[in-house]
Structure formats: C-alpha cells, structure tokens
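Take the given structure of chain F and dock chain A to it, following the hints.
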Amino acid sequence: MKQLTLVLVTLIGVLLLQAAMDLPDWSDPASPASLHLSSHYLEKGLEETGVPNIVTAVLADYRSYDTLFETVVILAAGLIVLTILRRTLRRRPKAVRPRPQRESQDIILQGAARLLVPAIQVFALYVVAHGHYSPGGGFQGGVIFGTSFILLALCYDLRVVLARFREKTVLFCCAAGVLLYAGVGALCMALGWNFLGYAALAGMLGSTEVMARSHGILAVEIGVGITVMAIMVSLYIDLASGGDLDEGL
Amino acid sequence: MDWDASLLWQFDLLLLLMAVICAIAALSLKDLISCAVIGGVYSFLLCLAWTEMLAVDVAFTEAAVGAGISTVLILGTVLHLNRRSKD
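Going down the list, the sequences are from chains F and A.
To convert, note that position 181 of the first sequence is 180 in numbering that gives the first Met the number 0; the numbers rise steadily by one, no gaps.
To convert, note that position 14 of the second sequence is 13 in numbering that gives the first Met the number 0; the numbers rise steadily by one, no gaps.
Possibly wrong hints are sitting among the right ones.
What the hints assert, rightly or not - Below are the DSBU-like pairs computed for lysine-lysine, each with C-alpha atoms no more than 35 Å apart in a straight line:
# : chain 1 : residue 1 : chain 2 : residue 2
1 : A       : 29        : A       : 85
2 : A       : 29        : F       : 1
3 : A       : 85        : F       : 1
Treat the hints as calculated values from the structure; they're not laboratory data.
If we strip away everything but chain F, and leave its shape as in the complex, we get:
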C-alpha cells in the first residue's frame, strides 16, 4: 500500500512539474492573467480609490465581493468548529486523558505576557489602519489581535481570558464583523449605487468620491478584522479546552 502511494505521488509530481513548464514566466506582463484588468488597476487604482497599496485597493474595493465571501467562509468554518467541539447541554466526561496540573504561577511568563499583550494589540490596530499604505489589512490585523488573547490564555489560564472576553461577546463579534461589511454594502445600495459601491458614501461623509472609496475600504477592513479576530479566539478556546471552556492547555 505504501509503495503504491509512493508511485502515485511520484507520478502526479512528475505530471505537475511537466505542466509547470507551460506556466508563463514570473511577472510576465504578457501572461493571460495580467492582460485584461491588471493594467487598469495599476494605472488607475490610486486615482480612483486614493489607496497607494494596490493590493488593498483590489482586495477591498474592486474585488470586495470576493473578500466579503472569504470572510463568510471564515465565519462558517469557525461556527462548524464551535458546533462540533462545544459541549454545553450534555456534560459528557472528557474524552482526553487527564493532563498533569500545570503550576499557573510562572511569574516570568506572566510578566512578559502582561508587557507584550498591549504592544501586540496596538500593532494589530496599526496593521488594520495602515493597510492603505503598507502591507496589512483586516485579515492580518485580526489574526494578530487574536494571538494576543491566545498569548494571555497560554501564559495565564483560559479563564483569565474568558473573564475579560466572554464567549458570548466573542460570538457576537464573529457575526458583527460580517454584518458591518455587508451593512456598508447595503448602505451603498440604499443610496442608489451598486452593492459595495463605496462612492455612494461621498454625500454622507462630505468628501469626494475618491476619498469615500478610501474610507469605505477602511470600514470593510475593520469588519474583516473583527470577524477574523473573534473567530481565531473562538477556535482557540474550543480547541484548547476540548469544548468545555475550563482551564485550557
């Protein structure tokens, strides 16, 4: 069986390498993917959206439908993990072996975490807010914000995190981010433009259409960040405690 798998994997690998020969060269301007819309994004992106980082402009403005549904995919994945792992109604005995009780009084770890968590959170907010100008945005910022809670849970105890960020609030944030994203889109539609056509917000914000698109991108990035952060925390608290939300790892 193992030999058969090896033969199959080698065969598929050779086929894939053979096919990779036909791929266009790296950063070839004549490759099919860069022929149609890319030149428009690169030439007009800054002019139309006021966002110097083209990746952010494409992600959250030109292709904002994709990003909206990516966020929904993350929400769905987080909810599935929650459905499978979380135990509330039937208190079954824990399936895992009892782990040795760890001493939760490690002063160096806890002091380091106490210093690091605020720095990580401020950096995460910076990543979200500065996504217009530098690499970053809602996904990365949300993940970094989520890791600050995970650090707290690892160095202290899961209960310490849950006392500050209750499970109900986590789940509320999961949905609120997607709702914020879709709400911005629906608001644009209510003002008579397309769904997620941020230029519609120009009247409300009292700015030009270009700046309205820039602000719309920031709003949806914040929505993505909230959802991703809450989903990461939700995944961790369920995985670490096996669904009981007790002491964690």
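Only chain A this time, still in chain F's reference frame:
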C-alpha cells in the same frame, strides 16, 4: 524598479531545498508535536519566498496565519491526541 530576481537564485535554491527537507521531515517524523513545529518552519520558509518575490502582503499573511496561528491551533489539537503517530 531596479530589481533583478535572477541575482538571487542561490537564495531561492536554499529556500526550496530547506522547504523540501521540512516537508519530508514533517511526513517522516513520528512525534506529532515535532511535525507541527516543522509545519510552522515550512510556513516561515514560504513566507521568505513570498517576500523574495515582492509579494509582501501574501508574505505577511503567511507569517501571521501559516507560521503563527495555525501552528498554535495544530499544537493545541495534538495535545488532545496521542502524541506519537502510528505510521
């Protein structure tokens, strides 16, 4: 921009070799915690490869999600399982 990626082929080769070594090690090791950590190393190597291809946004995501949080989540899962793999 004045950037010639062909100057860095040695760096590319090194990254590729290390990524292949990491992949083989992750598959052949029996200790699942080592596998999870090597998975994180593999993600970090890919992050360097993205940076080298000037895809900085992708590299940032790879570092935060691939090398950072998925390693933590996989480790959290492994601690609930038997630590040694059967095959």
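Do the hints match the structure? See the list:
{"no.": "1", "hint": "29/A / 85/A", "verdict": "holds, 7 Å"}
{"no.": "2", "hint": "29/A / 1/F", "verdict": "holds, 16 Å"}
{"no.": "3", "hint": "85/A / 1/F", "verdict": "holds, 14 Å"}
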